[in-house]
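Novice: For reference, the chains in residue letters:
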Amino acid sequence: MRPLSYSRVADVATAVGTVAADPDSTFLAGGTTEVDLQRVYVSPARRLVDINDLPLHQIEELPGGGVHIGALARMSDVAQALPIRRRFPMISQALLLGASPQLRNMASIGGNLLQRVRCGYFRDVAARCNKREPGTGCSAIHGINRGHAVLGTTEYCIATHPSDLAVALVALDAVVLTQGPDGPHRYAIDEFFLLPGDTPHREHPLAHGELVVAVEVPPNPMASRSLYLKVRDRESYEFALASAAVAVRLDGGTVAEVRLALGGVATVPWRARRAEATLTGAPATVESFAAAAREELAPAVGYGMNDFKIELARRTIVRALRMAIGDPDLRDGTAAGLLSQDDHGS
Amino acid sequence: MSPAIGAALDRVDGRAKVTGAARYSGEIPLPGLAYAVLLGAQVPSGRIIGIDRQAAMTADGVIAVLTHLDLPRVAARPRLFPSLAGLTAHGQSYFPMQDDVVHYAGQPVAIVVADTLERAEHAATLVRVSYAETPALTLLDQGREQAYEPEKIFGGLVPGRNPTRGDPEAALRDAEVTLDLTYRFAVNHQNPLEPSTTTAVWDDVDRLTLYDSTQGPTATQLSVAELLGLPPVNVRVVSHYVGGSFGSKALIWPHVTLAALAARQVGRPVRLALSRDQMFHSCGHREEQEQRIRIGADRNGRLTALTHDKIGLTSHFDDWAETSLESAAITYACPNYAGGYRLVRGNIITPTFTRGPGEATGMFALESAMDELAYAVGVDPLELRLRNHADTDPETGKPWSSKGLRECYQRGAELIGWADRDPTPGVRRDGQWLVGTGMATAAYPVAAPISPQRARARMYGDGSAVVEAGISEFGTGALTAMTQVAADALGLPVTRVRFVGGTTDLPNIAAAVGSAGAGATSAAVHLACVQLRDQLIRHAVADQGSPLHGADPADVVVRDGRMCRRDAPQVGETYAELLDRNHMPDVEAIGTWTPVLPMASDHAMHTFGAQFAEVAVDADLGRIRVRRLVGVFAPGRVLNRKTAHSQLLGGMLWGLSQALLEATRMDPHTGRYANENLADYLVATNADVPDVVVETIEVPDQVVNPLGVKGVGEIGIVGTSAAIANAVYHATGRRIRTLPITLEALL
Chain A
64 MRPLSYSRVA DVATAVGTVA ADPDSTFLAG GTTEVDLQRV YVSPARRLVD
114 INDLPLHQIE ELPGGGVHIG ALARMSDVAQ ALPIRRRFPM ISQALLLGAS
164 PQLRNMASIG GNLLQRVRCG YFRDVAARCN KREPGTGCSA IHGINRGHAV
214 LGTTEYCIAT HPSDLAVALV ALDAVVLTQG PDGPHRYAID EFFLLPGDTP
264 HREHPLAHGE LVVAVEVPPN PMASRSLYLK VRDRESYEFA LASAAVAVRL
314 DGGTVAEVRL ALGGVATVPW RARRAEATLT GAPATVESFA AAAREELAPA
364 VGYGMNDFKI ELARRTIVRA LRMAIGDPDL RDGTAAGLLS QDDHGS
Chain B
-17 MSPAIGAALD RVDGRAKVTG AARYSGEIPL PGLAYAVLLG AQVPSGRIIG
33 IDRQAAMTAD GVIAVLTHLD LPRVAARPRL FPSLAGLTAH GQSYFPMQDD
83 VVHYAGQPVA IVVADTLERA EHAATLVRVS YAETPALTLL DQGREQAYEP
133 EKIFGGLVPG RNPTRGDPEA ALRDAEVTLD LTYRFAVNHQ NPLEPSTTTA
183 VWDDVDRLTL YDSTQGPTAT QLSVAELLGL PPVNVRVVSH YVGGSFGSKA
233 LIWPHVTLAA LAARQVGRPV RLALSRDQMF HSCGHREEQE QRIRIGADRN
283 GRLTALTHDK IGLTSHFDDW AETSLESAAI TYACPNYAGG YRLVRGNIIT
333 PTFTRGPGEA TGMFALESAM DELAYAVGVD PLELRLRNHA DTDPETGKPW
383 SSKGLRECYQ RGAELIGWAD RDPTPGVRRD GQWLVGTGMA TAAYPVAAPI
433 SPQRARARMY GDGSAVVEAG ISEFGTGALT AMTQVAADAL GLPVTRVRFV
483 GGTTDLPNIA AAVGSAGAGA TSAAVHLACV QLRDQLIRHA VADQGSPLHG
533 ADPADVVVRD GRMCRRDAPQ VGETYAELLD RNHMPDVEAI GTWTPVLPMA
583 SDHAMHTFGA QFAEVAVDAD LGRIRVRRLV GVFAPGRVLN RKTAHSQLLG
633 GMLWGLSQAL LEATRMDPHT GRYANENLAD YLVATNADVP DVVVETIEVP
683 DQVVNPLGVK GVGEIGIVGT SAAIANAVYH ATGRRIRTLP ITLEALL
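First to last, the sequence lines map onto chains A and B.
Numbering of the first sequence is given in the numbering used here, commencing with residue 64 and proceeding in unit increments.
Numbering of the second sequence is given in the numbering used here, commencing with residue -17 and proceeding in unit increments.
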């Protein structure tokens, strides 16, 4: 492991000032991504500024039905928090279906949003990777790419955004609050995740030293019956092959309002706006769900091993919508059923 | 006193393991210990044209940076040979860091030694190696036209073609029903929890102690001694606890000797622990392979012809193929049979044993094909297997030493509810889930070492006993089972017996591989303890001071540490009374078991079992969830019900893993595996584990070894993947012939 210097700070201003002043430094929260990347020499940071003492752990209900989540709140704490479970079950489910219990106990919400991709070539310093070393090329496009993205890709990068939580937050129009060297900022979540374009090394619009301090989720009454569906090879401890966060409000047999976002298939947490537009005002039937799914995946591009994800994403959308409307033909497809494996909270 | 053998005795080392008191090879505290880190080649083929180690040499804490320019030449060319033979047991016929040629990615090209592990790891990243690359072959598909038929495989122990029976081509031409099916298998890696670790200490200029994670301490001793040009007496190996192996530590790989060489170069004890990613290119793997099966049968499903051909990717050094054809050739009565291996040489390390080596793939192919035959002729899959049951060994005609397969079928069928099964595929719905059941036969050869197996038993004056043999405990429960064996043979409660293994100072036992460990070790331990007991009984009947004086030794039995006359149990005395009266501090005996080679035996020796699975497949999303597994096995005598069932259960779950998850993906552009970590190389998690039922059927076996132990190490995995694949077919109507079966195949 590379020699590192380490310091621990107690307030946000010092944290931001310390990292902003040193281009070789970065923040250390749960460490579940940063330490891994240090060990494989992918993280360039030589100095870690430990922010775990900052007062950013709170999970608070906001007037009107929203919620404020401190950036240092742990995944496991957020997943179990009553306001989250009551108002935004898709967030709770996305968290509980991610990582392992040990990782969830360590990993912070801010770190979750900033986690780096799981592309094997990104994590292998001997491989070509535009995200790690701009201009070197992308080994994944013609390589082992079963887990890679089919939406939002370019010839520069096809790495999948790994976060489950971010998919739920994108569906809910969350806001990311930061403190930068030049003061506080608020980012609509859509602006917080950058498509790779020809600059895949730029994943967020953050300045060096800018610290995520909180996430705010605005009120959304229909989200109290939302859900997160994650499709993967094994039941636990694996990133999604495809996932969907969905909330639906029906008016009779018609979709009055819908939020839909996809994970596991795109280079950023993917708000399925084409599908939402198709669905809104459409009858809540499998046929219109399938039409919306086709519409959403129309621009998708496969790269060989991951071609299947296009069809899988379509079917995941249909399934998630059927679950959201309580389709009686599904056996264990309710939101409650999804939680049975991991959820031991009260 | 009820017998100890067969009881569900708790692991004698359980407490030490869960409290952390058990020390593994990477945990031995030593003064002056330095840490070695291997640097592997980043290209799969070429020459080293330059090594810049300046930055590494000057990094903090660095003691040495060693390359092929520094290391001495090894004293012998290693030769791949399975460790069961009890001789030198190199994993491949090649030793790295002897010249500038790169044969496979990950091949060691430098060793960095530093005062801490972190500093050694860092300095290793500062070594700049330049290569002149040459074209590489890393996938089977790149070299099919170069395939050849090896004369022998498996270190020269197994012919490249199985014995042919009858005229299979003619029988196929005449068959009423024929099938021609091809099965493909991903590369699998063993991935024990503990990566291979060696700590090397030179006690003198030419005396070496190795703390090594190995399935056989003597295999390490003989192999390293040969490469270093030392007599074996100068190499001592200690291996008390090993954190799993699954074949990765069955043979001796170069890093073990490199650790010793590095320690000698720096004049300090050196610890070399492979990292997780290095475990993917340092100790073999289950090779990429394809198997073709052709079946001829009559309308009733009776086999008339079977051919089984395998092509696999091996290294440039060795004709390695896991022996996938052996059990499949003798599972069913079939008069016409042919089978053989073909190999393609590639830029990879030599493949090796991986859990259920050979049978885990070969029986997947055969048992998948049998299921297809069952549907082709409209016969229930279990009934089809009974119709083709081999009452004697189809290859030699010899009777089985024991079998029990019919009983396994029957019990497994009861447990899974097979009698009510509607064979129609793709019709059972449970909401969005399609549900199906499948079954398969499990078979694994009963192997034995070639060399004599020894153990030593010593009784102390108080009547307690220590029994010793040079095995390592790599999670199987051997220490516990051997305690039970010793207790019964000596007539002592298990609390009065301690079994000790773990060093080459002790009587020699071959590496515990191929499910042979329990049979070989129990034989030596049993014989040593019987020798000791008989010695004590003879002493008692000759002792005028003993109540047993003058008795016929054959009429004396021992219960709970007390020798007595069988016909008059009140006449007798304890071991302790005898020894105390005679002022004897201890008594010792050696037991030696000389195995009978299979070809020299009048019997065929094989272990059998039956596997059943129930799966649910998400009709839309292709997700496969195993709901139930039932495995019933006939492994001869069971030494410890709990540890044996744990091993069988573990085997079945590895079978689930092989069926649905495990695949190491080679990127032919880089010539390296793209998923050398446990986040991307998937194995089953607890959440994937369904309701699993394991039962054993004890069939007496007088032939295989003194206690009739056929072993449970491998049989648990064999057939599980086929039972699952057959259940997937029953659920969906989709026949998947490639492992692992992932959801894209079912969309």
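Keep in mind that the hints were calculated from the coordinates and are not lab data.
Treat the hints with care, as some may be off.
[Stated by the list, open to error] Some chain A residues judged to face chain B by a derived CB distance under 7 Å, without partners named:
1) M64
2) Y69
3) Y104
4) V105
5) S106
6) R109
7) R110
8) L125
9) R179
10) G183
11) G206
12) V294
13) D296
14) R297
15) F371
16) E374
Yeah, the Cβ is synthetic: ideal placement off N, Cα and C, and Gly gets one too.
Novice: Run every hint past the structure and note whether it holds.
Specialist: Do the hints match the structure? See the list:
1. M64: Holds, because the Cβ-Cβ distance from A/M64 to chain B comes to roughly 5 Å (cut-off 7 Å).
2. Y69: violated, 13 Å
3. Y104: Cβ of A/Y104 sits 6 Å from chain B, so the hint holds.
4. V105: At about 12 Å, which exceeds the 7 Å cut-off, the nearest Cβ of chain B leaves the hint on A/V105 violated.
5. S106: Status violated, d = 13 Å.
6. R109: Given a least distance of 12 Å, the restraint on A/R109 is violated.
7. R110: violated, 16 Å
8. L125: For A/L125, the interface hint is violated, since the closest Cβ of chain B sits about 34 Å away, which is over 7 Å.
9. R179: violated, 13 Å
10. G183: A/G183 check passes; min Cβ-Cβ to chain B is 5 Å, inside 7 Å.
11. G206: holds, 5 Å
12. V294: holds, 5 Å
13. D296: Cβ of A/D296 sits 6 Å from chain B, so the hint holds.
14. R297: holds, 5 Å
15. F371: Hint holds; A/F371 Cβ to chain B Cβ min 4 Å, cut 7 Å.
16. E374: holds, 5 Å
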